[in-house]
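Enquirer: Each protein sequence line maps, in turn, to chains P and E.
Counting along the first sequence from 1, when you hit position 23 you're at 23 in the numbering used here, and nothing is skipped either side.
Heads up, the numbering used here is the position in the second sequence plus 1000, with the first residue counted as 1.
For the record, the hints were derived by calculation from the structure and aren't laboratory data.
The beta carbon of each residue, even a glycine, is placed where N, CA and C say it ideally should be.
Some hints here could point you the wrong way.
As the list claims (entries may be wrong) - Some chain P residues well away from chain E (every beta-carbon gap over 10 Å; in silico):
| id | residue |
| --- | --- |
| 1 | GLY179 |
| 2 | THR181 |
| 3 | VAL186 |
What the hints assert, rightly or not - Label pairs and their computed distance ranges (CB to CB):
| id | chain 1 | residue 1 | chain 2 | residue 2 | range |
| --- | --- | --- | --- | --- | --- |
| 4 | E | ARG1046 | P | GLY179 | 53 to 63 Å |
| 5 | P | PRO193 | E | ALA1062 | 38 to 48 Å |
| 6 | E | ASP1076 | P | ALA66 | 21 to 31 Å |
| 7 | E | LEU1141 | P | ALA66 | 23 to 33 Å |
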Amino acid sequence: MKKSHPLRRVVLATAATVSGIVLLLSLKPGTDPGSASAQGGTVPPQAAAGQESPQGGTADQSSSGARTVTGSAADTQYGPVQVRLTLSGDKITKAEAVQAPSGGQSTTVTANAVPKLNQAAVASGTADIDAISGATYTSAGYKKSLQSALDQAAKSAPAQPAASPSQTSAVAAAPAPDGQTVDGDVVQTQYGPVQVRLTLNGTSISKAEAIQAPSGGMSTQVTSNAVPKLNQAAAASQSADIDAVSGATYTSAGYKKSLQSALDKAGG
Amino acid sequence: MGTVFSFDVRGGEPDVVQAALDDAIAQLHRVDEVFSTYREDSQISRLARGELTVAECDPEVAEVLDLCAEAERLSDGWFSTTYQGELDPTGLVKGWSTERVARLLAAAGASGVSVNGGGDVQLYGVPGPQRPWRVGVADPLRPGSLAAVVSAAGADELAVATSGTAERGTHIVDPRTGKSAVTDLVAVTVVGPRLTWADAWATAAFAMGSRQALDWLESLPDVEALLVTAGDEVRCTGGLAQRLG
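Please work from the sequences and hints to get the whole structure.
Expert: Here it is in structure tokens:
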């Protein structure tokens, strides 16, 4: 299906707002003795399975019964398309094409595209994903700043008993005032300075943004691709039940360092 | 290498697993020292300049070069170890080294291992009782979204490798012309038991363009793939649907 297809946009828009790309690298070790994880060479991070966030974005929401919603049939140049969603409470548990173009080339396109849509919609609902494979970026600056912000935010959380037995992340502690921001160190990269700012919401990171990022020439393109991914990653990591790490990963040491320093400051 | 490696290890004795993790990290640094084409003093760079013979290098160099030769043969030259006349096994080293360290961790007694080397993932075992590893595939045209979710259910070992324009850039070479390949693909994700091959095949397929890549990947046993074109179309091999979940 082409990018302009309205149904596809709706389904993927839902997926985009809920699905998570998580930087395992950015999380502190949990207290679960049965598991361990580390990132090569630096602070050992971990995302504990079954972690729940104050924002409640987990797979464990109780369902109030399944219901289906069928979109209107939309005409495409290949034939009509109609999508049916199955919902359980607020979550989309299934997306299927009840009408899809067929015949000739269309059968091939449909057969290939529909699994993608199905999975995208379902994944956004459960967010129970362990790792993500994707084309990687090698922007060292971002990772460094990101990691520094994460370290700061983690250190800034005062040590208190976890709110619930299932919360095993060491970042979990007493809530900070909503909207508190923490800035990571400015990290110099060959393209310019990178600095990450985290916005905290209780014990969760609700937003991560690059407040300084290289621009100009190729850098602008890399920046505009890289920053949304990393932002999503840091924000989603707090609200999604994801076991292992990151999405399209950034070997961006600068970003990570600044983020880690922001996390450390938030924690201290 | 400028590549981030992430580890998620479940089960096993903590001390033993931690020691294996330290070992794994040391191995990755060593791989970087030996194989990095960005380092003038790496063994691979010195080999390329003729300052060393293969016999004088670490045994892993011979191992990697043999694997590269086989990958070239099995891909009819679309996977290439040379770029502009220079020796460059990069297309295989990342997947190979990630698989090696994942294997090391599994051998240390972990019941579940997931190692993600710059977006290429090797999985062993399970993350928890009655739950398989699940790996999202990033949508290359929508940062922050997923194109699909791969499940390792029913497989003791599974690898997911993604090759994309941001990562490879002009390193994708058309073996027929020796020049940068013109391809309509923006991402290729290969799913198979071993990351060494999944990574090599994702690299090779990328250069081929979507039609030839799909036919070729379809012909490989134990391999499934998902391809995204610049026109935002998705192509999958026939068996991929069974791997999604």
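Enquirer: A cut-off of 10 Å on Cβ-Cβ distance, and P:VAL186 was said to be off the interface with chain E. Does that hold?
Expert: Holds, because the least Cβ-Cβ distance between P:VAL186 and chain E comes to about 20 Å, which exceeds 10 Å.
Enquirer: With respect to the beta-carbon atoms only, verify the hint that E:LEU1141 and P:ALA66 lie 23 to 33 Å apart.
Expert: 31 Å, holds
Enquirer: Take a look at whether the Cβ-Cβ distance between P:PRO193 and E:ALA1062 falls inside 38 to 48 Å.
Expert: 43 Å, holds
Enquirer: Does P:GLY179 clear chain E by more than 10 Å, comparing its Cβ with all Cβ atoms of that chain?
Expert: 22 Å, holds
Enquirer: If I take the minimum Cβ distance from P:THR181 to any residue of chain E, is it greater than 10 Å?
Expert: 21 Å, holds
Enquirer: For the pair E:ASP1076 and P:ALA66, does the Cβ-Cβ distance stay inside 21 to 31 Å?
Expert: 49 Å, violated
Enquirer: Could you check the hint for me, namely that E:ARG1046 and P:GLY179 are 53 to 63 Å apart, CB to CB?
Expert: 54 Å, holds
Going through the hint list in order, the structure does not satisfy hint 6, though it satisfies all others.
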